[in-house]
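2 protein chains.
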Amino acid sequence: MAAKFLSEKNLKFLLYEVFDIESLTRFEYYREHNRKTFDMVIKEALKLSRNLLYPVFTAMDRNPPELAAGKVKVHPSVRTIMKEFGDGGWISSRMPYELDGNQLPHLIADACDFIFGAANYSAGVYPGLSAGASHLIESFGSKELFDTYVPNMYAGKWQGTMALTEPEAGSSLTDITTMAEPTDQGYYLIKGQKIFISAGDHDGVENVVHLMLVKIKDAPPGIKGISLFVVPKNRVDGNGQLIPNDLNTSGIYHKLGYRGCPIVQLSMGDKNNCRGWLVGEPHNGLRYMFQLMNQARIGVGIGAASIATAAYYASLDYAKTRCQGRPVSKKDPALPQVPIIEHADVKRMLLFQRAVVEGSLSLIMQCSKYVDMIKILPDDEKEKYRDLLEILTPVAKSYPSEMGVESISQGLQCFGGSGYCDDYPLEQYYRDARIHPIHEGTTGIQGMDLLGRKVVAQNGRAFILFMAEIENTIIMASEFHELRTYAQQLNDSRTKLQEVTQHLLKVFMDRGAEFFLADATLYLELFGIVAVAWQWLLQGIAIRKALQNASNKSDIAFYQGKFVALRYFFGYELAKTLGLAERLLNGDGLTVDMTAELFND
Amino acid sequence: MAAKFLSEKNLKFLLYEVFDIESLTRFEYYREHNRKTFDMVIKEALKLSRNLLYPVFTAMDRNPPELAAGKVKVHPSVRTIMKEFGDGGWISSRMPYELDGNQLPHLIADACDFIFGAANYSAGVYPGLSAGASHLIESFGSKELFDTYVPNMYAGKWQGTMALTEPEAGSSLTDITTMAEPTDQGYYLIKGQKIFISAGDHDGVENVVHLMLVKIKDAPPGIKGISLFVVPKNRVDGNGQLIPNDLNTSGIYHKLGYRGCPIVQLSMGDKNNCRGWLVGEPHNGLRYMFQLMNQARIGVGIGAASIATAAYYASLDYAKTRCQGRPVSKKDPALPQVPIIEHADVKRMLLFQRAVVEGSLSLIMQCSKYVDMIKILPDDEKEKYRDLLEILTPVAKSYPSEMGVESISQGLQCFGGSGYCDDYPLEQYYRDARIHPIHEGTTGIQGMDLLGRKVVAQNGRAFILFMAEIENTIIMASEFHELRTYAQQLNDSRTKLQEVTQHLLKVFMDRGAEFFLADATLYLELFGIVAVAWQWLLQGIAIRKALQNASNKSDIAFYQGKFVALRYFFGYELAKTLGLAERLLNGDGLTVDMTAELFND
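Chains A and B, in that order, are what the protein sequence lines are.
The first sequence begins at 1 in my numbering and counts up by one.
The second sequence begins at 1001 in my numbering and counts up by one.
Hints listed in this document are in silico derivations from the structure and should not be mistaken for laboratory results.
Worth double-checking, as some hints may not be accurate.
Only pairs whose alpha carbons sit at most 30 Å apart, straight line, appear in this in silico DSBU-like list of lysine-lysine [to be verified]:
id : chain 1 : residue 1 : chain 2 : residue 2
1  : A       : K331      : B       : K1224
2  : B       : K1384     : B       : K1545
3  : B       : K1224     : A       : K576
4  : B       : K1576     : A       : K496
5  : B       : K1330     : A       : K506
Please read these numbers as outputs of a predicted model, since none were measured by experiment.
Using the sequences and the hints given, assemble the complete structure.
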């Protein structure tokens, strides 16, 4: 039997009690769904995870992909996984019925991605990338492109990817140099190199379909000259047969973790015969790609929260069973040792993990719900949710990523020396999770996106909306006397965040963008803690409501336990905002003034 | 050529300008030494590190020790390393001349360990353990034991270890069950199991000498019944030949990092023929072992600081050469990309690392100097330094360990995706360093040691002395107008630490030990930040003095650069004490009240 890698109870608590997913089914688009179908979807996702993904979690790490004779060989289970995800409709689950999708709300589909990630993060990446790439073709590509590629991607036969990074263009996409030369045959000839492409080649599928950023010859410089192309590994010839498309895998990375999934280097057009097909209009590629990028950033948040969740349950299980030491006040060596979960410091490490992972998941599902609201509401009503989603995306990417690493480190610490050894899964979770603060835009990039773009956009409209959302929650929470202290604490932090934001805007006016953005990463951290405190207060309302009605003993323990995690967050985590605000309000620009020469010694 | 893995300039700044190592040579015990001999020692340590240790840093990780047919095979360079360290007198460097040592001050010997650790942490562990184990025999063992074992350990022919942990006795040494049965032959028969023994067996030496905690049959229960034994892998028979001592390696661990050094499980007395020799008096073993343990804890701090230092220089080098993006205010894509060290957020990550590693190293050398003072001062004067060393040991172990992991993580982040791949050394540093918050007493154990023992001992005498040391530094620093702000900040933090300490003592009175110690880990963190701020202010005094006289351009840049790191520490790191103090002053004991049942869901 698979070990416990997540809490189904907590997942359903969020879906039904906090985010009221059933309310979505009152809208036309989701009217075919109901709690029963949602429960069934969760059940199937759990079944797939327990039977297929979790059993190969370790094996996929220990037998990482290798490149030999130009071919990438992955663990044999990848083929099965792709097939099962294709057959089960998981890759197309968010797509509308008319495109053979299941028209699932994002809330529930993202919850499933969370389940898959908790069972085996690397394994979940393959179908997840195919889903994202398909969606991009569906949104902006022609019917012909759709028909040629998407059905096979939905079926799990072909792998989809996003191919952005190049040797000289990582964080700076402006600088990509992969070129597309037009032909009069409807396709372009592609030439260039891409690096760090997840699932960019492997033998678990028959073909790989890259959604690739490319510059058309003579395009305008910079990001305004980037176009989006479909560039397959094998193209379909006139007879409907797959033939090589002059797209070769030139290298594979050996990584700290996340080893179940290959990351490769690609070389296009070595023989001037790599064909690509334009998606949408020329020079609009980055805008299109941001649809996938934003989705992928939330996806990173989901992945980070899922690994941290699995790590939490592994360390919880260990703490309950491993006996070591005695209570501080009962040191008599004649007494038996106690399970380490009896020690306050171990409980602190477990509560830290619980506060982080359940807070992160809540923030992600908040974003998922916004995606659904944007999908189903009329234009004039959806604008608000679009703004909220925009401002929260860098936070939902970064908070779970950064704090997930910390959380897993505390999980590892619960195991003592055993956590450092591969007899237990913690060392793998620790390695796997470290990718998340990096890929799909580093934490530094997210900080600048938040402060430099999202906060200031449209005179701070999104920020004002975010503040109002928090205020609403505070007002609702204040009706429960058990929550008043926390509502007050959140209000203080919210005010502090406003103060810091105004101060930084003044820095912008006085000293310019460089000083304004110098500590954007700290601002992101502060913002993230406040956002997750908000989510905990939102959960607190649902907890208090539930406790008013709960009679089942285990339900009561669940809600009470969650309430302690809430208290932990407000007691230990929210306090961190003090130091962050202090620094942000008193920044002296030392990181701007520092020069490369002063690092010499 | 070896990459730069540390700053010789900073090391000498600390030795000569901050800690005035030359002042030690005015004392009889160290009078043979002078700056010239110290420089020569540093030079030799660097040479050894560059020529022997650094070149196999990666290879030792990629070819980890394996156990086959009962034998542990390590990288062939280990044999060379042990021989060179033996021949060069590095293992006995701290020992007095009359025992064939070099009678080196701890300050300089610890600086050498730092150099070795920065070049190749795993490699440095082998001779380091031999040095510690030899010292233990020298301090408490008979002349016969010394003569039998120590010369071969000094020569690098035999490996020394410390063997404490057992399957049911990790953090709880009270519970060890390995037994010693007296015989009338002068030895005891040993039976039991030890786990997690670093360098506990390998083919780079001819023998392994375990300094082992064992209970003599019918000993008192608990830690009062623990004795110290020498238990060799091979014992010397009547003819002076080595014969097997019924001590077998029953397992080897596969670890996240620190892979260049084997960690093994030992089984003693499977055939009732494992002989051990008592060191010192029966039942005093834990007290003896604490000599080595305390030294090993400082050693962990050194190791942690050294890995983080190497990681800092690797990321600094990358940041200077990797071009990506453009200044925030000059985004024109026609302009060339700039080295990432030009970006404020990258400079922030580098300054964070520098502030952590140079602050950690300073704290460690402060402790090393205390060790020297204890060695050379008359009894009535040394008491003070003994107290200071006692209270700072858990801090010097934990701060570099915990913050080293964070620091290396930021170093990895500077590399972006490349940091996650094994083409660069960061991923290995990241894995290697994670052992430090665990071994030689976890951070949780250190917190309880600090607050539960060291702070309260002798009515807080050590704590009062520590406060006075800080105050002295503040007074000295206040003479430099450039330091006054920081002196004031440190004074505020010191006051806050006092306030927190008094508050916690009141919690002890009111609610007992369990509540008192519940957040000892947070207390340790707060204490550590204040201690390192103190060390930065101490460095600040030396920096300001140096800048008054410096004329060489590169010297000026060095001191100015260090001063920015000081400002970074006071601006960004010291601010973290606000949240910690807030929590510690308002603890509600939730981690004590939390029950195992409330973690169910």
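(Q) Next pair to validate is B:K1224 with A:K576; report whether the Cα-Cα distance is within 30 Å. (A) Violated. B:K1224 to A:K576 sits at ~42 Å, over the 30 Å cutoff.
Q | Pair hint outcome, A:K331 versus B:K1224 [Cα-Cα no greater than 30 Å] | A | Measuring from Cα to Cα gives roughly 13 Å; hence the hint holds.
Q.
For a C-alpha distance cap of 30 Å, please report whether B:K1330 and A:K506 respect it.
A. holds, 21 Å
Q.
Need the status of pair B:K1576, A:K496: alpha-carbon distance at most 30 Å?
A. Satisfied, since the Cα-Cα distance of roughly 16 Å is no more than 30 Å.
Q.
Does B:K1545 sit within 30 Å of B:K1384, going by the straight-line distance between their CA atoms?
A. Within the cut-off at roughly 27 Å; holds.
Checked against the numbered hints above, the structure violates only hint 3.
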